[in-house]
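Keeping their order, the protein sequence lines are chains Z and C.
full-length UniProt numbering puts the first sequence at residues 1 to 347.
full-length UniProt numbering puts the second sequence at residues 1 to 347.
Careful, some of the hints might be misleading.
Treat identical chains as interchangeable: a pair holds within one or across any two.
Mimicking DMTMM-like on lysine to aspartate or glutamate, the simulated pairs with C-alpha atoms at most 25 Å apart in a straight line are [what the hints assert, rightly or not]:
no.: 1; residue 1: Lys49; residue 2: Glu313
no.: 2; residue 1: Lys49; residue 2: Asp194
no.: 3; residue 1: Lys146; residue 2: Asp159
no.: 4; residue 1: Lys42; residue 2: Glu313
no.: 5; residue 1: Lys85; residue 2: Asp234
no.: 6; residue 1: Lys26; residue 2: Asp325
Note that these hints are calculated values from the structure, not bench results.
Number of protein chains: 2
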Amino acid sequence: MKAKALMISLLAFSVATAVWAEGTVKDEPIKPIEAAVVKDPKMVELGKKLYFDPRLSKSGFISCNSCHNLSLGGTDNLQTSIGDKWQQGPINSPTVLNSSMNVAQFWDGRAKDLKEQAGGPIANPGEMAFTHELATKVLDSIPAYKEEFKTVFGKEAIDIGMVTDAIAAFEETLVTPDSKFDQWLKGDDKALDDKELAGYKLFKDSGCVACHNGPAVGGTSFQKMGLVEPYKTDNKAEGLVAVSKQDADRFKFKVPTLRNVEMTYPYFHDGAAKTLEDAVHIMGQIQLGKKFNDEETANIVAFLKTLTGKQPEITLPVMAPSTNDTPRPDPFGKGDAAKVEGADKKS
Amino acid sequence: MKAKALMISLLAFSVATAVWAEGTVKDEPIKPIEAAVVKDPKMVELGKKLYFDPRLSKSGFISCNSCHNLSLGGTDNLQTSIGDKWQQGPINSPTVLNSSMNVAQFWDGRAKDLKEQAGGPIANPGEMAFTHELATKVLDSIPAYKEEFKTVFGKEAIDIGMVTDAIAAFEETLVTPDSKFDQWLKGDDKALDDKELAGYKLFKDSGCVACHNGPAVGGTSFQKMGLVEPYKTDNKAEGLVAVSKQDADRFKFKVPTLRNVEMTYPYFHDGAAKTLEDAVHIMGQIQLGKKFNDEETANIVAFLKTLTGKQPEITLPVMAPSTNDTPRPDPFGKGDAAKVEGADKKS
Numbered sequence: 001m002k003a004k005a006l007m008i009s010l011l012a013f014s015v016a017t018a019v020w021a022e023g024t025v026k027d028e029p030i031k032p033i034e035a036a037v038v039k040d041p042k043m044v045e046l047g048k049k050l051y052f053d054p055r056l057s058k059s060g061f062i063s064c065n066s067c068h069n070l071s072l073g074g075t076d077n078l079q080t081s082i083g084d085k086w087q088q089g090p091i092n093s094p095t096v097l098n099s100s101m102n103v104a105q106f107w108d109g110r111a112k113d114l115k116e117q118a119g120g121p122i123a124n125p126g127e128m129a130f131t132h133e134l135a136t137k138v139l140d141s142i143p144a145y146k147e148e149f150k151t152v153f154g155k156e157a158i159d160i161g162m163v164t165d166a167i168a169a170f171e172e173t174l175v176t177p178d179s180k181f182d183q184w185l186k187g188d189d190k191a192l193d194d195k196e197l198a199g200y201k202l203f204k205d206s207g208c209v210a211c212h213n214g215p216a217v218g219g220t221s222f223q224k225m226g227l228v229e230p231y232k233t234d235n236k237a238e239g240l241v242a243v244s245k246q247d248a249d250r251f252k253f254k255v256p257t258l259r260n261v262e263m264t265y266p267y268f269h270d271g272a273a274k275t276l277e278d279a280v281h282i283m284g285q286i287q288l289g290k291k292f293n294d295e296e297t298a299n300i301v302a303f304l305k306t307l308t309g310k311q312p313e314i315t316l317p318v319m320a321p322s323t324n325d326t327p328r329p330d331p332f333g334k335g336d337a338a339k340v341e342g343a344d345k346k347s
Numbered sequence: 001m002k003a004k005a006l007m008i009s010l011l012a013f014s015v016a017t018a019v020w021a022e023g024t025v026k027d028e029p030i031k032p033i034e035a036a037v038v039k040d041p042k043m044v045e046l047g048k049k050l051y052f053d054p055r056l057s058k059s060g061f062i063s064c065n066s067c068h069n070l071s072l073g074g075t076d077n078l079q080t081s082i083g084d085k086w087q088q089g090p091i092n093s094p095t096v097l098n099s100s101m102n103v104a105q106f107w108d109g110r111a112k113d114l115k116e117q118a119g120g121p122i123a124n125p126g127e128m129a130f131t132h133e134l135a136t137k138v139l140d141s142i143p144a145y146k147e148e149f150k151t152v153f154g155k156e157a158i159d160i161g162m163v164t165d166a167i168a169a170f171e172e173t174l175v176t177p178d179s180k181f182d183q184w185l186k187g188d189d190k191a192l193d194d195k196e197l198a199g200y201k202l203f204k205d206s207g208c209v210a211c212h213n214g215p216a217v218g219g220t221s222f223q224k225m226g227l228v229e230p231y232k233t234d235n236k237a238e239g240l241v242a243v244s245k246q247d248a249d250r251f252k253f254k255v256p257t258l259r260n261v262e263m264t265y266p267y268f269h270d271g272a273a274k275t276l277e278d279a280v281h282i283m284g285q286i287q288l289g290k291k292f293n294d295e296e297t298a299n300i301v302a303f304l305k306t307l308t309g310k311q312p313e314i315t316l317p318v319m320a321p322s323t324n325d326t327p328r329p330d331p332f333g334k335g336d337a338a339k340v341e342g343a344d345k346k347s
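Looking at chain Z on its own, in the form it has when it is part of the complex (with noise of 0.2 Å):
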């Protein structure tokens, strides 16, 4: 009976360790990213219309999705990104991938959260070129947006909080769960290769960790670019001390999220960096001293090529058409009345 209820107990506790074993997460410096949870699937509908609609640009031509392009990896893949009247802009644009895990928003963190984020861009000269109050005319001019916005907000007028709002909703989605390293924290040890595992212990031992780090691989602090070594740019960027006003903040910067990072180049506030070797390369002098041959460039190009996660399935929504009403775009700043010249160009 004893020696029964011993073998009972041992397989027991086999079945049970098998099962616990088989949950745990490696417990390593990066973690994964889990799936999100839509709280409010009417408010993220909304949200995506908002994202991808140009009409709360002056020019009626640029939406979030311009510069933070979700068939791009959430970038547009410029240097600086391209603003109203073509205006060449003063800094990388982020990936909005994962952005909802990110201590603040914009390279400087003036913004707390991806609400206050979704403001910004719309009524900057050079970039949307719009106002709020532009924007939540043209939104309350069209009917099926009105009729939207109640049902989601409870509310007859439209104000920009709730453009925002519907907006960082939609944002909040879009997570890049299930990448390889993702698989191998969550104990699928095939899922790296040796190259791959080489590269993140290299990542780790050399000190990227201690900035790359979390479920976003970055995002969570600001960290001075050019710790070790001064960051040489022509970027006039200074990023925290912008909103700190604290000299010690001068090239401190919100440390990005390495997450889909070999589809958000070109790298660094000022995007000079134009591939992974470049940015590993100039990363390790900089910031942690260290002049990393080709082959650790390499394995750490590897490792991080496997933070690409499983990019969102976004069905392109289609917006309800403007009415007499709405304010008419205007891209070429003549108002209404713009001409059309040069119509002896090939059309």
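On the provided structure of chain Z, position chain C as indicated by the hints.
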């Protein structure tokens, strides 16, 4: 026996008639749109990626979808489009929706089909400002694209013909069946209300339907813009004459489709008519010598709005990232080493 046989025959005849009537489309000059038949789903999928890929433009910012936006009824809702470096386009962007039914492509018909049209904007210096050679070079440098082209076309090297074949295959799926009007055509007599029906009758009786007919309610011929009265415009486009070199073809343009017309404002080749009411009023006057009063205009507009069909449901494609070999986009015209200025602006 005879009476019974007669009754059975009558019954059978009634049933047959009812079945025949149910399946009968009304004999009208506008025909219903049928759903697209997808012959090569892999080619369509590839075509969709290309359609949404801004790397086919010099700036890396403009894709087919920029000006033929599938969230906005297949056009950009601008009088004329925005091209590379914010150049002002010379002519209104036609909708891609149902464009497969056009007798030719472009307002002047210079491309015979969708395939021929697709290569135009890529290499147009006022539009995407790229070259076919560079576009295929970009695609060729991306392994996932190479693989996809090989699977679809069975060839190693990518050429522009394959690119345009794929884009055309995707565009062929962009039809919009099941509008209220088509439901009416197919036998649902309750699908149109009195105003809409009155509008359609006027559309027919006035002669609009002489040009705007067929499944696309247009697209089947070239007609003079300003048939009865000249059309006053600053736009320099002269239409078909550019292709035929025949003086009689001056100001003849391809009749645009009226499908989804409530979404495809502003109207005419010069985009000068901002509202449907304006468009109907002007058309009546210059093409038919008719002065529609407010009620007639309103009825025709009500009818035109019944031509909005079921919009294609598109899963946003996610494109494979560029590689270290991919030619870099050049939005600001200074080559790869573009300096970033103005970082004192809010970023």
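Here is how each hint holds up against the structure:
For a Cα distance limit of 25 Å, the shortest separation of Lys49 from Glu313 qualifies both inside one copy, at 15 Å, and across copies, at 14 Å. In the homo-oligomer, the alpha carbons of Lys49 and Asp194 never lie at most 25 Å apart, since the shortest distance is 43 Å inside one protomer and 33 Å across protomers. For the identical chains of this complex, Lys146 and Asp159 are intra-copy neighbours only, at 11 Å inside a copy versus 47 Å across copies, given an alpha-carbon limit of 25 Å. In this homomeric assembly, Lys42 and Glu313 come within 25 Å of each other (Cα to Cα) both inside a single copy, at 17 Å, and across copies, at 18 Å.
When the C-alpha separation of Lys85 and Asp234 is checked against a cutoff of 25 Å, the pair qualifies both within a copy, at 23 Å, and between copies, at 23 Å. Taking the shortest Cα distances, Lys26 and Asp325 never come within 25 Å of each other, neither inside one copy (58 Å) nor across copies (36 Å).
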